[in-house]
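Start counting the sequence shown at 1; every next residue gets the next number (my numbering).
Please keep in mind that the hints were generated in silico from the structure rather than gathered at the bench. Take the hints with a grain of salt, since some may be wrong.
Claimed, not checked - Straight-line Cα separation of at most 16 Å, EDC-like style, residue types lysine to aspartate or glutamate; simulated pairs:
id: 1; residue 1: 2; residue 2: 78
id: 2; residue 1: 2; residue 2: 146
id: 3; residue 1: 2; residue 2: 145
id: 4; residue 1: 2; residue 2: 104
id: 5; residue 1: 2; residue 2: 132
id: 6; residue 1: 2; residue 2: 61
On a predicted model such as this, the values are computed, not experimentally measured, just so you know.
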Amino acid sequence: MKFSIQDGSPLEGVLTYDESEYGFSFSAQSGDSLSERLGSEGVASLLIDTLQLEVDIESREVLFAWGYFPNVRGVVTEPDAPRYTPGRVFISSDHPFEPGVSFEVPGEGWQVSYAPSSGWVTIRLENSTDPEFIQIAGGTVLGIEDGNLVSIRLHPVFAG
Numbered sequence: 001m002k003f004s005i006q007d008g009s010p011l012e013g014v015l016t017y018d019e020s021e022y023g024f025s026f027s028a029q030s031g032d033s034l035s036e037r038l039g040s041e042g043v044a045s046l047l048i049d050t051l052q053l054e055v056d057i058e059s060r061e062v063l064f065a066w067g068y069f070p071n072v073r074g075v076v077t078e079p080d081a082p083r084y085t086p087g088r089v090f091i092s093s094d095h096p097f098e099p100g101v102s103f104e105v106p107g108e109g110w111q112v113s114y115a116p117s118s119g120w121v122t123i124r125l126e127n128s129t130d131p132e133f134i135q136i137a138g139g140t141v142l143g144i145e146d147g148n149l150v151s152i153r154l155h156p157v158f159a160g
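Based on the sequences and whatever the hints tell you, model everything.
Written out as structure tokens, the structure reads:
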């Protein structure tokens, strides 16, 4: 599975973390902007633990993050807001995508940390060194290194 970066605008919307439900949700700014990115084949999800990255099956574009993800504030780190550029990320893979089916992102040793002063939640592979950060949706930044997904940086609104 390889990830490629293309120019484009992130999906506008708000990423929320509901502390009472231990989960992320994404609300697109408008239904039209989300509909424009959805093909006729449905969506699948990439999994990192229980965090899901929604993927349009037809285009194979990674759209946004969502899902149950407890203990986002478990490891506190120094503040570090990533430098990122807006864009879009697509997947090339021989793996068949099926509507409603999730499959795991390759990689072992995913680490989670939280920077309280900036509000960023980071999920990253411990061996990543210099990813390119791309904002794909409101509050959702992916780190791509040599065609691999090595980091997800989330900047949610905390609720609940």
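Against the structure, test the hints numbered earlier, and report the numbers of the ones violated in rising order.
Number 1 - this is the single hint that the structure violates.
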